[in-house]
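Chain order of the listed sequences is F and P. Sequential numbering from 1 applies to the first sequence in our numbering. Sequential numbering from 1 applies to the second sequence in our numbering.
The hints are simulated quantities; they were obtained by calculation from the structure and are not laboratory data. Any given hint could turn out to be false.
Claimed, not checked - Straight-line alpha carbon distances no greater than 20 Å define the calculated DMTMM-like cross-link-like pairs of lysine to aspartate or glutamate that follow: (1) 57/F <-> 3/P; (2) 68/P <-> 82/F; (3) 1/F <-> 82/F; (4) 42/P <-> 100/F; (5) 13/F <-> 96/F.
What the hints assert, rightly or not - Interface residues of chain P toward chain F, partial, derived using beta-carbon atoms under 7 Å: (6) 43; (7) 44; (8) 46; (9) 47; (10) 53; (11) 99; (12) 102; (13) 104.
Positions of the beta carbon are idealized from the N, C-alpha and C atoms, including for glycine.
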Amino acid sequence: KAGVTQTPRYLIKTRGQQVTLSCSPISGHRSVSWYQQTPGQGLQFLFEYFSETQRNKGNFPGRFSGRQFSNSRSEMNVSTLELGDSALYLCASSTDRAYEQYFGPGTRLTVT
Amino acid sequence: KQEVTQIPAALSVPEGENLVLNCSFTDSAIYNLQWFRQDPGKGLTSLLLIQSSQREQTSGRLNASLDKSSGRSTLYIAASQPGDSATYLCAVTRTGGSRLTFGEGTQLTVNP
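Use the sequences and the hints to build the structure in full.
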């Protein structure tokens with residue numbers, strides 16, 4: 001079974017631009033969660049989607065948004081990028097809430 | 001608010017040594033606890049998942065225990081190898097939720 005895939009793997013953007021990251025979960029998994037990892041803050045939860053509905057949301061500004069498609073693939077969007085948005089963005093999939101979660105390789109976003 | 005702490009922050013051991021990584025959490029109302037491994041710049045690899053009703057889980061040279069009442073988990077690595085060098089993270093989910101709350105991790109170096 002293929003693992004969680006994320007595209008692109010690396011991105012360089014300029015402050016003020018917007019970016020869209022994609023995540024394809026493991027086949028059969030309907031829950032997709034997104035996390036931001038930075039050296040200073042560690043791993044922080046962004047949001048979780050299940051069956052195309054946002055089920056949970058972390059404490060991030062509205063510039064961070066996401067969606068999930070009927071095939072469970074998920075995208076997250078960050079608008080008006082700030083230097084502090086530079087991070088490794090990880091997505092995780094699972095069959096449902098509180099089950100074992102499997103992470104993708106991440107997207108490294110650099111904002112200049 | 002759930003807080004997860006991992007001690008030590010860094011650990012360096014000679015090859016072959018048995019070692020223990022510690023994880024503590026402040027809110028005992030957890031559903032499960034998951035241990036992950038992260039190699040530099042990479043995503044997270046799930047090592048072990050312990051349900052709140054379980055006391056321990058084993059996989060190969062790894063053994064994880066959970067004591068909900070005291071808010072502690074340990075990851076025991078037997079006969080450590082240089083390939084075990086990585087950052088080890090523990091994370092908990094709250095009952096009924098999917099959000100993982102992570103510790104800061106223990107950076108392990110196993111020297112040949």
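Hint by hint, here is what the structure shows:
no. : hint           : verdict
1   : 57/F <-> 3/P   : holds, 18 Å
2   : 68/P <-> 82/F  : violated, 40 Å
3   : 1/F <-> 82/F   : violated, 37 Å
4   : 42/P <-> 100/F : holds, 19 Å
5   : 13/F <-> 96/F  : violated, 33 Å
6   : 43             : holds, 4 Å
7   : 44             : holds, 4 Å
8   : 46             : holds, 6 Å
9   : 47             : violated, 10 Å
10  : 53             : violated, 12 Å
11  : 99             : holds, 5 Å
12  : 102            : holds, 4 Å
13  : 104            : holds, 5 Å
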